[in-house]
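Going down the list, the protein sequences come from chains A and B.
The first sequence runs 1 to 278 under the numbering used here.
The second sequence runs 1 to 167 under the numbering used here.
Note that these hints are calculated values from the structure, not bench results.
Incorrect hints may appear among the rest.
Unchecked claim - As a list, the in silico SDA-like pairs of lysine to any residue whose alpha-carbon atoms are at most 25 Å apart:
(1) B/K87 x A/N13
(2) B/K87 x B/A99
(3) A/K256 x B/Q130
(4) B/K135 x A/V201
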Amino acid sequence: MLNMHPQRQRAVNAILVVILLSILMSLSTNSPARIQSLQNLFAQALYPFQFGASWVTGTVTSGWEFVVDVRNVFQENQRLKVLVEKYTGIEHQLTEVRLANRRLRELLAFQEEAQFSVTPAQVIGRNPSSWFSTITIDRGSFHGIQVDMPVVNHQGLVGKVIQVSTYSSKVQLIISSESGTSGIVQRTRDNGVVIGLSIPVGYCRITRLPVGSEVELGDLIISSDLTGVFPRGLVIGRVVEVDIDYVTLERSALIKPEVDFERLEEVLVITNYERKLD
Amino acid sequence: MLPFFLQFAGVLAAVLLQGSVLPVIVPWLPFNPALILLVFASFKTPRNRLLALALWAGLLQDVMYGEVLGLSMLGLYLGFMAVHEIKTEFVDHPFTACALRLIIAVLIQELTYAFFFYIRGATGLFAALQVNAGKSLLANLLLLGLAFLWLRFRNKKYLKGLMEEIS
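Bound-form chain A, shown alone:
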């Protein structure tokens, strides 16, 4: 063994650790499959703790919400009774319209798009660092989840699965600065590229819009299936700022996502979307 001065020994140890961690990071980003089993092993061992912590938090917060809700329940009840009466009338009208719509679709031989098969999942963790926008969900390969599956909720597009272990998976949100996909301005049908932003946090930007694009404030941006990652038509967000590059005349727009990422509790993983690129 080398007989080194303790100070030098410390420095050598530190350099070795840094080199090992750099190799680990490089493997994790460039060829994740090579360390998948190792990561999977740790993730499985830690899953009960993670699930337990999430369950306790969920129980406490829903208990608190219940207490708050009870306070307003009478007023809410009165208001809802009025709404139910109003909507009962509308429901009858809607049924008529729905039937008429179905008949017309059949007449036009309209091919309805296949319904997605979804797996509901609970958010059990979030990356605490502001640099990353990742959530952990309680569904993994055991439940049929695979890498690159789109994730949505009732508000719109949430992101895509980037890592899968047996009982949990990690989802990269569309607001992540590492995220990028194609999008469409719903009103004008212009195609662009939607990227997550590191600043301002929680927003996206649609770029590469055509020179003559007439994108406006408030326009709805939906997903496009051009890149093959997400199905067409999922709501991404609304335009809150339009920018013009006066050299290239290219337009881009800042998007505020429709999904409330700070209060994300349940999501749906689309399990039967066949990627175009595959």
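We have chain A; now place chain B onto it with these hints.
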């Protein structure tokens, strides 16, 4: 000093708190209780064990909540290597000593993240670093303040021991 096993279990609890509990209650602030725990541990824990604890905290963060395996480990390892070298003789109050160590650890961790994104070709990193480091410092100094309040009322003995260690 707490036994080895208890320190590791404490770090696990703190990481669970920061990834599965606090983001649900206060999603807008990146609280990092594991960092606070490591700062407290840094006064009495020997260097090698402190660095092992930092690596353990990083591993837990990366496996349970992170995107890149090794990144939090590297940030925490470098942060607490620097923290261990800090001489705190010139500060006479435990809060100031802890805050100083916390600031160093947070800044080194944020710089590690920024460097990682720089290598991956991200743009606008300086602005992102300003905002993220600012948020992280604010949140964790606030958490440190709350921890001190709690120690003052519930565990005066520990605070006294910490003061003796600093002086």
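Okay, the hints, checked on the actual structure:
Proximity of B/K87 to A/N13 is assessed by CA-CA distance (about 22 Å); at most 25 Å being required, the pair is judged to hold. For the suggested pair B/K87 and B/A99, the alpha carbons sit about 13 Å apart, so the restraint of at most 25 Å is met. Of the supplied pair hints, the one linking A/K256 and B/Q130 holds, its CA atoms being roughly 22 Å apart against a limit of 25 Å. With a C-alpha separation of about 11 Å, the suggested pair B/K135 and A/V201 falls inside the 25 Å cut-off, and the hint holds.
The structure meets every hint from the earlier list without exception.
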